[in-house]
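Visitor: Sequence:
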Amino acid sequence: MKTDLAMKELTVSLRALRAVAAEFPGLPAPAVHLSPIFPERLELSWHDDLRAFEPWRLALGIAHESVRFGTQSGGRTWVLKAHTDFAGASVHLTAFGTAVSTGGEGGQGGGGDA
Numbered sequence: 009m010k011t012d013l014a015m016k017e018l019t020v021s022l023r024a025l026r027a028v029a030a031e032f033p034g035l036p037a038p039a040v041h042l043s044p045i046f047p048e049r050l051e052l053s054w055h056d057d058l059r060a061f062e063p064w065r066l067a068l069g070i071a072h073e074s075v076r077f078g079t080q081s082g083g084r085t086w087v088l089k090a091h092t093d094f095a096g097a098s099v100h101l102t103a104f105g106t107a108v109s110t111g112g113e114g115g116q117g118g119g120g121d122a
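Quick note on numbering: this note's numbering labels position 64 of the sequence shown as 72, and the sequence is numbered without any gaps.
These aren't lab readings, by the way, just hints derived from the structure by calculation.
Check the hints yourself; a few may be wrong.
To be verified - Subject to a maximum C-alpha distance of 16 Å in a straight line, what follows is the list of computed EDC-like cross-link-like pairs (lysine to aspartate or glutamate):
(1) Lys16 / Glu31
(2) Lys89 / Glu62
(3) Lys16 / Glu62
(4) Lys89 / Glu31
What the hints assert, rightly or not - Taking CB as the label site, the calculated pair distances span:
(5) Ser109 / Ile45: 30 to 40 Å
(6) Asp12 / Gly78: 29 to 39 Å
(7) Lys16 / Gly82: 39 to 49 Å
(8) Gly34 / Thr92: 30 to 40 Å
(9) Arg23 / Arg84: 36 to 46 Å
(10) Val75 / Ala27: 15 to 25 Å
(11) Ala27 / Gly83: 29 to 39 Å
(12) His72 / Pro36: 10 to 20 Å
(13) Asp56 / Asp12: 15 to 25 Å
(14) Arg59 / Gly82: 21 to 31 Å
(15) Phe32 / Glu73: 17 to 27 Å
(16) Val108 / Ser74: 15 to 25 Å
(17) Ser74 / Glu31: 30 to 40 Å
(18) Arg84 / Leu22: 33 to 43 Å
Note that CB positions come from ideal geometry on N, CA and C, so glycine has one too.
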């Protein structure tokens, strides 16, 4: 792992951040993460707001079938994940939200850790 990167090496992910801000100013604001470990990745996440995921998925043209669903915290938290290339960067979307009770025995089926 290269740890001595200069800011200029984050240019791709910073450019993608600027592009999403300019092209989608009305979408829900995400938490933003950039890292020198993955300098060409832009991570956008929403905590306690699964609803914010869908407009971003649509805006970035991510196919519904590409979304991964999982659970964590013993099934109490639902997680949605998807990624695509945008403005030269790999853009990763992640949303977390409280699981909806199904009211049936055994909780929700399927899932798994996202």
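Visitor: Now tell me, hint by hint, if it's right for this structure.
Guide: Now the hints, each set against the structure:
1. Lys16 / Glu31: 23 Å, violated
2. Lys89 / Glu62: 11 Å, holds
3. Lys16 / Glu62: Distance ~32 Å between Lys16 and Glu62 Cα, so the pair is violated.
4. Lys89 / Glu31: Violated: Lys89 and Glu31 sit about 21 Å apart, past 16 Å.
5. Ser109 / Ile45: 30 to 40 Å: 37 Å, holds
6. Asp12 / Gly78: 29 to 39 Å: 34 Å, holds
7. Lys16 / Gly82: 39 to 49 Å: Cβ of Lys16 to Cβ of Gly82: about 43 Å, so the range 39 to 49 Å holds.
8. Gly34 / Thr92: 30 to 40 Å: 19 Å, violated
9. Arg23 / Arg84: 36 to 46 Å: 37 Å, holds
10. Val75 / Ala27: 15 to 25 Å: 22 Å, holds
11. Ala27 / Gly83: 29 to 39 Å: 36 Å, holds
12. His72 / Pro36: 10 to 20 Å: 19 Å, holds
13. Asp56 / Asp12: 15 to 25 Å: Given range 15 to 25 Å: violated, Cβ gap about 36 Å.
14. Arg59 / Gly82: 21 to 31 Å: With a Cβ separation near 23 Å, Arg59 and Gly82 satisfy 21 to 31 Å, so the hint holds.
15. Phe32 / Glu73: 17 to 27 Å: Given a distance of about 22 Å, which is inside 17 to 27 Å, the answer is holds.
16. Val108 / Ser74: 15 to 25 Å: The hint (15 to 25 Å, Cβ to Cβ) holds, given that Val108 and Ser74 are roughly 22 Å apart.
17. Ser74 / Glu31: 30 to 40 Å: This hint is violated: roughly 20 Å between Cβ atoms.
18. Arg84 / Leu22: 33 to 43 Å: Cβ of Arg84 to Cβ of Leu22: about 35 Å, so the range 33 to 43 Å holds.
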